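Here's the letter readout for the chains.
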Amino acid sequence: MSTTLSNPSSTQAQSAPPPFTTRAGAWLKANLFNSWLSTATTLALLYVIVRSLLAFVDWAFIHAVWSVPYSAQGIADTTVCHNVKGDGACWAIIADKYRLILFGRFPYDEQWRPAIVVFLFIGLYVCSAIRKFWGKGIATKPIILVAVMAALATLVDDALFLLIDIVASLVGRPYTQPPAVLSAVLGYIDLTGRYVFMVATTIIWPMVGVWVITLAAIGVLMSGGVFGLSAVPVDYWGGLPITLILATFGIAIAFPLSILIALGRRSTKMPAVKMLCVLYVELIRGVPLISVLFMASVMFPLFMPPGINVDKLLRAQIAVILFAAAYLAEVVRGGLQALPKGQTEAADALGLAYWQKTGLIILPQALRLVIPPLVNTFIGFFKDTSLVLIIGLFDLLTMGKIALSDPPWQAFSTEVYITLAIIYIMFCYAMSRYSRGLERELNSTQQR
Amino acid sequence: MNQITADAPMDTLRDISRGKPVIVLDKVNKWFGSLHVLRDISLSISERERVVVCGPSGSGKSTMIRCINRLESHQEGRILVEGTELTDDLRSLDTIRREVGMVFQSFNLFPHLTILENCTLAPIWVRKMPRAAAEELAMSYLERVKIPEQAKKYPGQLSGGQQQRVAIARALCMKPKIMLFDEPTSALDPEMIKEVLDTMITLAESGMTMVCVTHEMGFARQVADRVVFMDRGEIVESGPPHRMFESPQTERLQLFLSQILRGH
Ligand SMILES: Nc1ncnc2c1ncn2[C@@H]1O[C@H](COP(=O)(O)OP(=O)(O)OP(=O)(O)O)[C@@H](O)[C@H]1O
Ligand SMILES: [Mg+2]
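Line by line, the protein sequences are chains A and B.
Residues 152 to 599 in our numbering are what the first sequence spells out, letter by letter.
Residues 983 to 1246 in our numbering are what the second sequence spells out, letter by letter.
Rather than coming from a laboratory, the hints here were simulated on the basis of the structure.
Remember, predicted model here, so these are calculated numbers, not experimental data.
We put the beta carbon where it would ideally sit given N, CA and C, even for glycine.
Treat each hint with caution, since some may be false.
[As the list claims (entries may be wrong)] Using 30 angstroms as the maximum straight-line C-alpha spacing, the simulated DSS-like pairs for lysine-lysine come out as follows:
hint : chain 1 : residue 1 : chain 2 : residue 2
1    : A       : Lys492    : B       : Lys1002
2    : B       : Lys1110   : B       : Lys1128
3    : B       : Lys1009   : A       : Lys492
4    : B       : Lys1135   : B       : Lys1157
5    : A       : Lys508    : B       : Lys1128
6    : A       : Lys492    : B       : Lys1157
[As the list claims (entries may be wrong)] Derived Cβ-Cβ restraints for the label pairs, each shown as a range:
hint : chain 1 : residue 1 : chain 2 : residue 2 : range
7    : A       : Pro524    : B       : Pro1222   : 48 to 58 angstroms
8    : B       : Lys1135   : A       : Lys552    : 53 to 63 angstroms
9    : B       : Thr1184   : A       : Lys283    : 38 to 48 angstroms
10   : B       : Lys1135   : A       : Lys283    : 56 to 66 angstroms
11   : A       : Thr419    : B       : Leu1017   : 13 to 23 angstroms
12   : B       : Ser1039   : A       : Leu196    : 32 to 42 angstroms
13   : A       : Asn594    : B       : Lys1128   : 25 to 35 angstroms
14   : A       : Val299    : B       : Phe1014   : 41 to 51 angstroms
15   : B       : Lys1128   : A       : Tyr580    : 42 to 52 angstroms
16   : B       : Pro1222   : A       : Glu592    : 49 to 59 angstroms
17   : B       : Lys1128   : A       : Gly370    : 50 to 60 angstroms
18   : A       : Tyr505    : B       : Phe1014   : 32 to 42 angstroms
19   : B       : Ser1039   : A       : Pro293    : 53 to 63 angstroms
20   : B       : Pro1222   : A       : Pro515    : 40 to 50 angstroms
[Said to hold, decoys possible] Residues of chain A clear of chain B, computed beta-carbon distances all greater than 12 angstroms:
hint : residue
21   : Leu204
22   : Val231
23   : Tyr505
One chain only, chain A, in its complex shape:
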């Protein structure tokens, strides 16, 4: 009788999962307090962490100065800040300078434009991050044909314009206008071509369409000159949009380029292409980004015919792309090499042509393998864009420095750098989180 009485309770105790608090307690005991040494380490670290956290909260919030009085001339009176320096942060500098830091010397009243651009970029990242959106749209032959024709028309058109420019400059009259009719026709083709291309790509591949349209919108917002927006030359751009433009285009163009280079480097059938790719990678990897930027900004114009002026931002962009492509190519090559030979052989045996094999079998697997180092490189380049400072472009970091050159605020660099760091961390952390999620998602379906 007594056994039957005690039995139910004991089985229940065994089958029911232990309550949460005991589990957390058990985890703590097993990982943080499992021996005298680890208990001592845990307590010591806890003490250090709590102390520094308290000190930071004290500095950043409790003793912080959030605003300062301004003189009649609009000069900030930072005496309060100087008085608490060391004990409290002076966030007033951020309140005073945030628009300068974020948007640079973009005309003050027009700064809503770069603000929208920043949000467009963020929206673009978010859309691209959702893999559902990458599906194909309607890709019938006529629509593809239309898209290709439109792209070709625009390109040929641009080439013609360039040709006219070059010829004009060669005959020594750089400012000659082409005949009005010709220029009107060309302009018309150019514009129509662009719109048709945008619409067609959106139908074929919505995501690509979204990119093309968003980038066009960003271009219009930044440069202006159309739709009643005042024109703002590149020299006035600065801050976050510059950083985002350089990083986004840099990565978006360098990545596909790097895949081609990596494939070229592994090519066995085309030794010349292979050598070119090896040369490219080794050459670019062998020099610091600063010198590539310098080359692009100083040497590149020397090679162009006079009268053709490729602007500073574009030159920096090209340098960043070339540089990133070399590094990414090596990462991609690592993935290609890690792929078992059997995969290529199976694709060959099925009769897949080179590009089918590459696009359907090799790259999807190879790129999955290298997501962590790829994202590592992306993050690196996001931050490296700050080097464009040396060729006179004002990215986010540079604008922070410029903000600090204002005499009343010179002493408060910590506050500015913390703010900049938070902005950089937000973007980089988003990338890293996304890559981890992507990896997990891809691995859940594909267990080797």
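Dock chain B with the ligands against chain A, hints included.
What follows is chain B with the ligands alone, placed relative to chain A:
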């Protein structure tokens, strides 16, 4: 029949009795660096014939059948498949690879695609078949290898035997005229070998031209029209399975058989 050896004239005689030759290897030589892996290989395989290739490890069996769909290229001699000579010409390569299916020892399924996608990939991209038709075709072959219910899974979620059967279905979806097998059961646990061999036997009975590198003597006895024994890059002896296994003519084959029997 009991006189048949590896001599070319006798091979030709057999061919006439069975139908036209679909694979012809004529004095094929191949080197890996200085290693002479194929030495004067001459072999003619006719339509609907089932050939089993055996021999010790490193004797060049894989290299020989991989030359048939040009996963490896030979350096001397001629190889004709369906009357087309294998050269570096890409066009001829394409036509041959469509006609020749291959099953590998390590399955080589595409791990990032589902079973169904593995099977429909080549019909869609190489044969330009509409997706719906390709899926229907794939399902019919998956049913034939008895795993239609796994169609939506990924290769990593299947057992080795199931994966190898998918690999067979994948090759069959291209409707090849010839199937090459390179030790299809060597990477499998004993209990899975049978299910793959059964699939291959069914295929053989349907009249497929097959070249199998395998050490499964039971399979060879049951389905092979001819067994080819290779050693050190040469075809040492060939003939119908009962004669090869019961009265081997050459010392090398005798030695090989005794080793195999001891191993089993
Ligand atoms: N890609 C290669 N490069 C250099 N040598 C190779 C290569 N592939 C095979 N070999 C060599 O060629 C010889 C024949 O190899 P092969 O794979 O054809 O033998 P096999 O008969 O299939 O052996 P196994 O039964 O072990 O599969 C071996 O000595 C092998 O080491
Ligand atoms: Mg082998």
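A quick look at each hint next to the structure:
{"no.": "1", "hint": "A/Lys492 - B/Lys1002", "verdict": "35 angstroms, violated"}
{"no.": "2", "hint": "B/Lys1110 - B/Lys1128", "verdict": "26 angstroms, holds"}
{"no.": "3", "hint": "B/Lys1009 - A/Lys492", "verdict": "28 angstroms, holds"}
{"no.": "4", "hint": "B/Lys1135 - B/Lys1157", "verdict": "23 angstroms, holds"}
{"no.": "5", "hint": "A/Lys508 - B/Lys1128", "verdict": "28 angstroms, holds"}
{"no.": "6", "hint": "A/Lys492 - B/Lys1157", "verdict": "24 angstroms, holds"}
{"no.": "7", "hint": "A/Pro524 - B/Pro1222: 48 to 58 angstroms", "verdict": "56 angstroms, holds"}
{"no.": "8", "hint": "B/Lys1135 - A/Lys552: 53 to 63 angstroms", "verdict": "56 angstroms, holds"}
{"no.": "9", "hint": "B/Thr1184 - A/Lys283: 38 to 48 angstroms", "verdict": "41 angstroms, holds"}
{"no.": "10", "hint": "B/Lys1135 - A/Lys283: 56 to 66 angstroms", "verdict": "22 angstroms, violated"}
{"no.": "11", "hint": "A/Thr419 - B/Leu1017: 13 to 23 angstroms", "verdict": "20 angstroms, holds"}
{"no.": "12", "hint": "B/Ser1039 - A/Leu196: 32 to 42 angstroms", "verdict": "58 angstroms, violated"}
{"no.": "13", "hint": "A/Asn594 - B/Lys1128: 25 to 35 angstroms", "verdict": "29 angstroms, holds"}
{"no.": "14", "hint": "A/Val299 - B/Phe1014: 41 to 51 angstroms", "verdict": "45 angstroms, holds"}
{"no.": "15", "hint": "B/Lys1128 - A/Tyr580: 42 to 52 angstroms", "verdict": "49 angstroms, holds"}
{"no.": "16", "hint": "B/Pro1222 - A/Glu592: 49 to 59 angstroms", "verdict": "55 angstroms, holds"}
{"no.": "17", "hint": "B/Lys1128 - A/Gly370: 50 to 60 angstroms", "verdict": "58 angstroms, holds"}
{"no.": "18", "hint": "A/Tyr505 - B/Phe1014: 32 to 42 angstroms", "verdict": "24 angstroms, violated"}
{"no.": "19", "hint": "B/Ser1039 - A/Pro293: 53 to 63 angstroms", "verdict": "57 angstroms, holds"}
{"no.": "20", "hint": "B/Pro1222 - A/Pro515: 40 to 50 angstroms", "verdict": "46 angstroms, holds"}
{"no.": "21", "hint": "Leu204", "verdict": "45 angstroms, holds"}
{"no.": "22", "hint": "Val231", "verdict": "61 angstroms, holds"}
{"no.": "23", "hint": "Tyr505", "verdict": "9 angstroms, violated"}
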